[in-house]
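Novice: Respectively, the protein sequence lines represent chains C and G. 1 is the number of the first residue of the first sequence in the UniProt record's numbering; add one for each residue after it. 1 is the number of the first residue of the second sequence in the UniProt record's numbering; add one for each residue after it.
It is possible that some hints are incorrect.
[To be verified] List time: in silico EDC-like cross-link candidates among lysine to aspartate or glutamate, alpha-carbon distance up to 16 Å:
| id | chain 1 | residue 1 | chain 2 | residue 2 |
| --- | --- | --- | --- | --- |
| 1 | C | Lys406 | G | Asp36 |
| 2 | G | Lys48 | C | Asp443 |
| 3 | G | Lys19 | C | Asp443 |
| 4 | C | Lys686 | C | Glu699 |
| 5 | C | Lys75 | C | Asp50 |
| 6 | C | Lys292 | C | Asp50 |
| 7 | G | Lys48 | C | Asp446 |
Just so you know, the hints here were simulated from the structure itself, not pulled from any lab data.
Here are the chains, one letter per residue:
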Amino acid sequence: MDVTKIQLHSKKLLKKLNKIQKNLFIKENIRVSSAATRTLIIQNGGLGNDVKQSELMPLFKQYGEVEEIVMLPRKQYSFVCYAEVSSATLAINNLNGHMLRAGKDPTQNVTLYLLYAKEAPPSVVPSKEIPPGLIIIEDFVDEETERALLKLVNGETEANNKGIMKHRKVLHYGYEFKYSINDVDITDPLPVGIPEQCHTFLKKALKLGLTKHFPDQLTVNQYSPGQGIPPHVDTIDAFEDGILSLSLGSQVVMDFRHPEGKHLQVLLPSRSLIVMTGDSRYVWSHGITPRKSDIVTTASGDGVTLLTRETRTSFTFRKVILDREERKSIRENSGIDARMLPQNDGEAIELERQHVHKVYDDIAAHFSGTRYKPWPRVVDFLLEQPAMSLLADVGCGNGKCLGVNKSLFEIGSDYSGNLANICRSRGFETCVADVTCLPFRSDIFDVVLCIAVIHHMATKERRHKAVSEVVRILRPGGKALIYVWAIEQECNKTISKYINPKKQRQSAQVTKENEREKTIIKDKDELNMETGVCVEKLLNLSSGNDENFQDGEVKTTVSDHNKYSRVQDFNIDSIAQSPDVNKELELTHCCGLHSKHVEEKSCSNEICDLQTTAKTLHVHVNRTQFKEQDMLVPWQLKSKQAEHVDKTKGDSSHDTSHVFHRYYHVFRQGELEAVSKKVAQCEVIKSYYDQGNWCVVLEKMGSYLKC
Amino acid sequence: MKLLTHNMLTSNIIKGVTKGFPLKIVPVQVEIKDVDYNPAFVVRTLSKVDWPALHQAAVETGFGDGLPETLGENFQQDEELLKKIHNALLQVEVIQGELVCPESGRKFPITNGIPNMLLQEHEVGQ
Numbered sequence: 001m002d003v004t005k006i007q008l009h010s011k012k013l014l015k016k017l018n019k020i021q022k023n024l025f026i027k028e029n030i031r032v033s034s035a036a037t038r039t040l041i042i043q044n045g046g047l048g049n050d051v052k053q054s055e056l057m058p059l060f061k062q063y064g065e066v067e068e069i070v071m072l073p074r075k076q077y078s079f080v081c082y083a084e085v086s087s088a089t090l091a092i093n094n095l096n097g098h099m100l101r102a103g104k105d106p107t108q109n110v111t112l113y114l115l116y117a118k119e120a121p122p123s124v125v126p127s128k129e130i131p132p133g134l135i136i137i138e139d140f141v142d143e144e145t146e147r148a149l150l151k152l153v154n155g156e157t158e159a160n161n162k163g164i165m166k167h168r169k170v171l172h173y174g175y176e177f178k179y180s181i182n183d184v185d186i187t188d189p190l191p192v193g194i195p196e197q198c199h200t201f202l203k204k205a206l207k208l209g210l211t212k213h214f215p216d217q218l219t220v221n222q223y224s225p226g227q228g229i230p231p232h233v234d235t236i237d238a239f240e241d242g243i244l245s246l247s248l249g250s251q252v253v254m255d256f257r258h259p260e261g262k263h264l265q266v267l268l269p270s271r272s273l274i275v276m277t278g279d280s281r282y283v284w285s286h287g288i289t290p291r292k293s294d295i296v297t298t299a300s301g302d303g304v305t306l307l308t309r310e311t312r313t314s315f316t317f318r319k320v321i322l323d324r325e326e327r328k329s330i331r332e333n334s335g336i337d338a339r340m341l342p343q344n345d346g347e348a349i350e351l352e353r354q355h356v357h358k359v360y361d362d363i364a365a366h367f368s369g370t371r372y373k374p375w376p377r378v379v380d381f382l383l384e385q386p387a388m389s390l391l392a393d394v395g396c397g398n399g400k401c402l403g404v405n406k407s408l409f410e411i412g413s414d415y416s417g418n419l420a421n422i423c424r425s426r427g428f429e430t431c432v433a434d435v436t437c438l439p440f441r442s443d444i445f446d447v448v449l450c451i452a453v454i455h456h457m458a459t460k461e462r463r464h465k466a467v468s469e470v471v472r473i474l475r476p477g478g479k480a481l482i483y484v485w486a487i488e489q490e491c492n493k494t495i496s497k498y499i500n501p502k503k504q505r506q507s508a509q510v511t512k513e514n515e516r517e518k519t520i521i522k523d524k525d526e527l528n529m530e531t532g533v534c535v536e537k538l539l540n541l542s543s544g545n546d547e548n549f550q551d552g553e554v555k556t557t558v559s560d561h562n563k564y565s566r567v568q569d570f571n572i573d574s575i576a577q578s579p580d581v582n583k584e585l586e587l588t589h590c591c592g593l594h595s596k597h598v599e600e601k602s603c604s605n606e607i608c609d610l611q612t613t614a615k616t617l618h619v620h621v622n623r624t625q626f627k628e629q630d631m632l633v634p635w636q637l638k639s640k641q642a643e644h645v646d647k648t649k650g651d652s653s654h655d656t657s658h659v660f661h662r663y664y665h666v667f668r669q670g671e672l673e674a675v676s677k678k679v680a681q682c683e684v685i686k687s688y689y690d691q692g693n694w695c696v697v698l699e700k701m702g703s704y705l706k707c
Numbered sequence: 001m002k003l004l005t006h007n008m009l010t011s012n013i014i015k016g017v018t019k020g021f022p023l024k025i026v027p028v029q030v031e032i033k034d035v036d037y038n039p040a041f042v043v044r045t046l047s048k049v050d051w052p053a054l055h056q057a058a059v060e061t062g063f064g065d066g067l068p069e070t071l072g073e074n075f076q077q078d079e080e081l082l083k084k085i086h087n088a089l090l091q092v093e094v095i096q097g098e099l100v101c102p103e104s105g106r107k108f109p110i111t112n113g114i115p116n117m118l119l120q121e122h123e124v125g126q
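With these hints in hand, go ahead and build the complete structure from the sequences.
Specialist: So this is what it looks like as structure tokens:
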């Protein structure tokens, strides 16, 4: 009888453990170990079940030396790490199914289930690293100043309810931050400027060189335990670099997130000042996860402890940018010298030099890392060519189209020496040459490829010259395949994969969309200030697992993002995660790229761009429909190497991301054919649309036809 | 740069240069890279190759021995010759050196096996 009961019990337990194991894997991506390890997962022993470390420690210590217990906020499980595997085994044998606490009724019992874990996740203790450009100064103000400041704002909030938001108390000085525009109204300053009580320490900050500007706008936020603020970047055009934030009352852990996914947790002790400058101001988002406690390292530094949050009051000081238009134009122009559409050859050459040749040389390695294989229809064309044909690939880039048909003799040429080097290193014959004056004999090649090249020529004459050169080096009867990017990113009602529908919508009706998005976010969790909506959303995306945003709205966006990222080629990291993505990428993508950093800007640039004159070259918003034929397309160089170099130098403040602008002339339907038809001895034998590109197959006619 | 590639190159893109061919090779570093011997390819490719230019290039790079100044009619049957031509066309690679325009004397550097044929704006002919 007893034996049966035990068997029944263990069967039930086994079933339960199986279910937990499955759930952990599916929902939390935690893999259970089948072999005994030093680490145990304690299901139902998490902060999410209101279980404290102090309850678990005595229980688990009975079976051996416990190195640490890792508690994760809001999770219903935790990890116990023993010094010895044998201790873990003892614990699992004795404590599996252990009832930690009895509830009012059996369903509220807290029963612990244990499984071996491969490893405990990195505990969410504050990171040792901080984002580049961030400065933290502990004990920046003394307790007396703290009291005075708190008295000031507590008096204010009681007297004036106007500033109370759904989740936090907010007060403004200098200028009111308008949440509807994520900005201040520079024409409407508040009667009360920065409070007198702040002047002493602000002057100190100025003197210490922590900031270049004396702030003129202050937002005071009061957070009760359990309140937070979604990740955001302060509106770029609204405030100067160097945003100061003083923490009073409770300590808190602030989350900093890089658009590419890096997440750092920074402990802001009471009475500390942070200054966000450079990347930490412009690239990284900051936010506070709403919870009632933070896990922090103990003072001795050898363990972790749970610190309960109390009321925290932050004083965020900013310097409002008053010369908005001027500033915006400086920012937009930075790095862009020739922004006008060239009127003549000289200007065109200069534009191509700056915004084609130099850019490709600068981004060569990164660019090459995103180009693996030729597009399928290019492959088909190559495979059709007779064995032993002589082929020239002009504008060969990293040589991704070479080597497909091994029976050909191929020579690649590219203007970029760096790309040519990459091509050569892959074993291909390569030379550095200009497509508008190719150093090849006439009438010599059986096949010429010219893929995604001619759209970089800045005048009609130069595009014609390029096609002429392609045809000139072909032998009579030889064939050329030319691909150029199309302005039409939609064909037969099929939108090319370059276009991201979401970005497109945002781009098309940026104002409306902005407002709508804001409402959503506000509904969700009162959005604090200064948030470029796109950034806000993107940053959420990049931290898709953030427990902070588990509602339907954001989840949808996350999955959309995953889907879209399949056709992006900008992010080596995300590509590297999935080999499938690599393939997909190759199949679909022409010349586009996607850059979160740039989009962040583009949201605010959009309207401005629409208003500028026709001759100006605008910066295109990646993954959206083209508005004009000539434009600059941003490429964000994310530099792993640069980061690495910085680390070795110990210089973490160095700017590791840079946006390059490539000039493009996207072709209209029929335009490539029209250019080709003007070329002597040239016949268009096929033209088609392939995933956002216009393509022609040309055949060189014998010269006798012209006689 | 293989000599077959060299055989396709010209400097007639320079303003005032009419033929620009063949470019003189001033080798600094030459390597031999093994390539599978395919007589059919050699024969077919010779129809495109300018023989005197190949001969000159082979001599300049030090691999001209056994290559005739003019190619006889029955070279296709001469296995030994075909192998030498195969070597000159596909196996000899100029890694470092210069190409020199026969008319203007303009030099084009070859680095890492890559000839740089770019011109300054003012050098470009129409």
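Novice: Which earlier hints can't be squared with this structure?
Specialist: Per hint list: zero violations.
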